[in-house]
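J.: These protein sequences, in sequence, are chains A and C. Per this note's numbering, the very first residue in the first sequence carries number 83; after that it's consecutive. Per this note's numbering, the very first residue in the second sequence carries number 25; after that it's consecutive.
Watch out, some of these pointers could steer you wrong.
Covered stretches of chain A (chain C as the covering partner; in silico rule of three or more C-beta atoms under 8 Å from a C-beta of chain C) [stated by the list, open to error]: (1) 120–126; (2) 141–152.
Calculated cross-link-like contacts (lysine-lysine; reagent style DSS-like; alpha-carbon spacing at most 30 Å) [said to hold, decoys possible]: (3) A/K139 with C/K29; (4) C/K92 with C/K29; (5) C/K95 with A/K139; (6) C/K80 with C/K29; (7) A/K139 with A/K93; (8) C/K80 with C/K92.
FYI, nobody ran anything at the bench for these hints, they're computed from the structure. Cβ atoms here follow ideal geometry from the backbone N, Cα and C, with glycine treated the same way.
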Amino acid sequence: DTGVSQNPRHKITKRGQNVTFRCDPISEHNRLYWYRQTLGQGPEFLTYFQNEAQLEKSRLLSDRFSAERPKGSFSTLEIQRTEQGDSAMYLCASNPGFVPRPEAFFGQGTRLTVV
Amino acid sequence: DQQVKQNSPSLSVQEGRISILNCDYTNSMFDYFLWYKKYPAEGPTFLISISSIKDKNEDGRFTVFLNKSAKHLSLHIVPSQPGDSAVYFCAASWGGATNKLIFGTGTLLAVQP
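So here's chain A without its partners, still in its complex pose (with noise of 0.2 Å):
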């Protein structure tokens, strides 16, 4: 399968818990974005890396988070010390970058239940 893989799909953690999540892009996208979406939204803009580089954050990151892609290759998505509000749907997207196009191809999504 060539297309963006996340792992896991689901996590069901306590308040307070540490997770992490990761995303393997497509081979070669060298742009990749973390989004999330909650019941009844849209996926909302998270964090974008082109390569290595982290290049833009959004309001919506707080300081709990923390996202990585280490070699350019794939990314990591943790939340520090978790709370019920971070319950979401986390979608990780990858792009090519060669071409100016925004056109984005999404992964299947971890689904995180904060009990």
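Starting from the known structure of chain A, fit chain C onto it as the hints suggest.
T.: Below, chain C alone, put in the same frame as chain A:
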């Protein structure tokens, strides 16, 4: 401030008929518009896009129309099929360094057999 708006939460259409999904935007700096389709428990799937320099783009059963003066776009699906039943998201981008997408809240399309 919702820059991309989809005012119809749901739409029901008979199989074989035309589905028209609407989207309005407020930011005149947007230079690209996209439609995504989403099934439950899956990520959004890219459908079709249009540059702001065009007013129509067609791909098979899907056509997107852009009216810049009205800041309005629409997605037409002809003929509609039961497999088209999903949530449709309109998204916009203003290019620049990130090409991040701003999404609407979605419209649930139900195509009745």
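J.: Does each hint hold? Answer for all of them.
T.: Comparing the hints with the structure gives:
1. 120–126: It holds: at least three residues are needed, and the region 120–126 of chain A offers 5 whose Cβ sits within less than 8 Å of chain C.
2. 141–152: violated (count 0)
3. A/K139 with C/K29: Holds, at about 23 Å.
4. C/K92 with C/K29: Holds: C/K92 and C/K29 sit about 15 Å apart, inside 30 Å.
5. C/K95 with A/K139: Measuring from Cα to Cα gives roughly 27 Å; hence the hint holds.
6. C/K80 with C/K29: Answer holds: C/K80 to C/K29 is near 20 Å, not above 30 Å.
7. A/K139 with A/K93: holds (23 Å)
8. C/K80 with C/K92: With Cα atoms ~11 Å apart, C/K80 and C/K92 stay inside 30 Å; holds.
Of the numbered hints listed earlier, the single one contradicted by the structure is hint 2.
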